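Asker: The whole structure should be built from the sequences, with the hints applied where relevant.
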Amino acid sequence: MTAFLKYREIWLLAAIAVLIGLISMRFPAFADPGNLRQVFNDTSILMILALGQMVVILTRSIDLSMASNLCFTGMVVAMLNAAHPAIPIPLLVVIALAVGLVLGAINGLLVWRLNIPSIVVTLGTLTIYRGATFVISGGAWVNADKMSPDFIGFQRAALLGIPVLSWIAILVIALFFVLMTRTALGRSIYAIGVNPTASVYTGIDVGRTKFIVFCISGMIGGLAGYLWISRYVIASVEVANGYELNIIAACVIGGISIAGGIGSVGGAVLGALFLGIISNALPVINISPFWQMAISGSAIILAVVLNARGERQKGRIILRKAEA
Amino acid sequence: MTDTPAPRHIPDRLDKPLSSAIFSWEALLVVVAIAIFAINSFASPYFLDPYSLSDLTFNFTEKGLIAFAMALLIISGEIDLSVAAIIALASTMMGMAVQAGAGTPVLVLIGIVVGLGCGAFNGLLVTRLGLPSIVVTIGTMSLFRGIAFIILGDQAYKGYPESFAFFGQGYVWWVVSFELVLFLIAAVVYWFLLHRTSFGRRVFAIGNNPVAAQFSGVRVGRIKFILFCLTGLMSGIASVLITSRLGSTRPSIAQGYELEVITMVVLGGVSILGGAGSILGVVLAAFIMGLVTFGLGLLNVPGIVMSIFIGLLLIIVIALPIVWRRLRGGR
Chain A
1 MTAFLKYREI WLLAAIAVLI GLISMRFPAF ADPGNLRQVF NDTSILMILA
51 LGQMVVILTR SIDLSMASNL CFTGMVVAML NAAHPAIPIP LLVVIALAVG
101 LVLGAINGLL VWRLNIPSIV VTLGTLTIYR GATFVISGGA WVNADKMSPD
151 FIGFQRAALL GIPVLSWIAI LVIALFFVLM TRTALGRSIY AIGVNPTASV
201 YTGIDVGRTK FIVFCISGMI GGLAGYLWIS RYVIASVEVA NGYELNIIAA
251 CVIGGISIAG GIGSVGGAVL GALFLGIISN ALPVINISPF WQMAISGSAI
301 ILAVVLNARG ERQKGRIILR KAEA
Chain B
1 MTDTPAPRHI PDRLDKPLSS AIFSWEALLV VVAIAIFAIN SFASPYFLDP
51 YSLSDLTFNF TEKGLIAFAM ALLIISGEID LSVAAIIALA STMMGMAVQA
101 GAGTPVLVLI GIVVGLGCGA FNGLLVTRLG LPSIVVTIGT MSLFRGIAFI
151 ILGDQAYKGY PESFAFFGQG YVWWVVSFEL VLFLIAAVVY WFLLHRTSFG
201 RRVFAIGNNP VAAQFSGVRV GRIKFILFCL TGLMSGIASV LITSRLGSTR
251 PSIAQGYELE VITMVVLGGV SILGGAGSIL GVVLAAFIMG LVTFGLGLLN
301 VPGIVMSIFI GLLLIIVIAL PIVWRRLRGG R
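Read top to bottom, the protein sequences are chains A and B. Every letter in the first sequence is one number past the one before it in my numbering, and letter 169, counting from 1, is 169. Every letter in the second sequence is one number past the one before it in my numbering, and letter 330, counting from 1, is 330.
Quick caveat, the hints were computed from the structure, so don't treat them as lab data. From a predicted model like this one, the values you see are computed outputs, not experimental measurements.
So, partial list: chain B residues that the calculated Cβ filter (under 8 Å) puts toward chain A:
1. L129
2. L131
3. I134
4. V136
5. T140
6. L143
7. I150
8. G153
9. I304
10. V305
11. L312
12. A319
Sample of chain A residues with no beta-carbon within 10 Å of chain B, all distances over it, derived:
13. A15
14. G34
15. I87
16. W112
17. R182
18. T183
19. G186
20. V284
Ideal Cβ positions, reconstructed from N, Cα and C, are used throughout, including at glycine.
Answerer: Below you can see the structure in the form of structure tokens.
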């Protein structure tokens, strides 16, 4: 039982249960399964993004460019759809994954081949990708009336009473669970975060693995790009501006250590859900949405204070460098 | 009679050959700055006008002021992502004071004190509780700006006194603005602090090896705390300047500045891994970023496209020495 309580996911789950309990004490409709399904659906995109960020953070790196990647890829698929409505949606999803992969691979190559710290590389590509969105769109927006009904309707279609968007999130969670717990790559990702030097001696190619995690986060950013645009039915340069920090916040609340090596798929999902519940609950309990930012900020600080117990150490730097 | 050995002369710093100065980071930045300056003056006839050049400085003075303190913080191995949020909170507090009828001196004091307080809060969380600064300041970034949003919502504070406008809009002499003078003074102060005092040496020592620094008697926690306070203080000062220049406060003020400040610091040759960097580099990087944005602005290039150039500049300038070394190493 005590071993069971050691898992921080359990504590986070309890915190979420308490949160839902408190809200539903005053507004019983909030805990209604239909509403909770809605909250899950609303949080799907953040969950997917948090999983992509998680694999990067586990290797002691960070990807600040995810939201810009989302913005760029979203614009690409929206413009493609507006110009050629005949392109089937599954093909557009594949295109979104491919575009995201290319952007992620650029980050990965700079980190792997030139050994530039990931925070610097992605700080640069954060502005470049968003600027590139402006260049391809000329600053114009793609509105709902230019998007085909399929483009907008795909993720809203219900499958067994649950929207496709939620199914995509469930599928991605399952894939990441298999990746992190059942494959050699997942093991390598954890190993690099825990001890990069030892990983080299065990035969793990640290640089190549980092390249792969940036490709993964890039593909996730691309996928989220299509999902975001078709959900909020507007593609512009401003899409998801500053959202990269929400993604990292979800990871931190989910107990993923910024120092690498510690974190789980369940944690990332629950961290995102925690933020999703707060943003959904505020209008219900009649608190101005302007409170959201301060509340999630406090949640991040609280989470990091709680997580820090036990993993305190001297000699921290911003992001520990993984020796390759 | 015992022979006391003559005290051995230990040089304060090693003599550097001229070649190392030529191939230094700062030299690279000077070349880049001159190149951009030259391109700009060819590209637009309006560029080489004293009034244009004076306008140019507003592009980097406010961010540059924060970048000096941020450089020290990053050299010590920490980071502060909340600087732009501190600007927003300090500006909001100044706005509230204006509504209550406060005069200019009180406003300036409030801006600076709020900045200092926010910096101290970051510093306490990082040094007392031993938390990673990158996460703490992502949290306080949301918290500080969140408080500004709670107070202001979608409203704006206006009605700053006329004398308050001097800080962001005033000129000390001819085309030399108050902001530029403050920037240059801060550059000298921070240069002295980092490169000529034992405090600066300790900052480098902490960045290179915090554990060794601790065992050498350096109060690592206290110095980091001071650096966070300094960063908050400079953000407070920047908040006074920006609020004065814009003449109004919205909760979204200075959004995204934190990344531009960090870009400036990294472009200036400060190692993001800590332990290395110079104030001269940061000054040059501030000029370069100002030149790029202003020059492109004269050519009617939209701001978002300028950010592509800033991003490319950051990656290329960092990658260049690495590629150069590889090529010379024959790989």
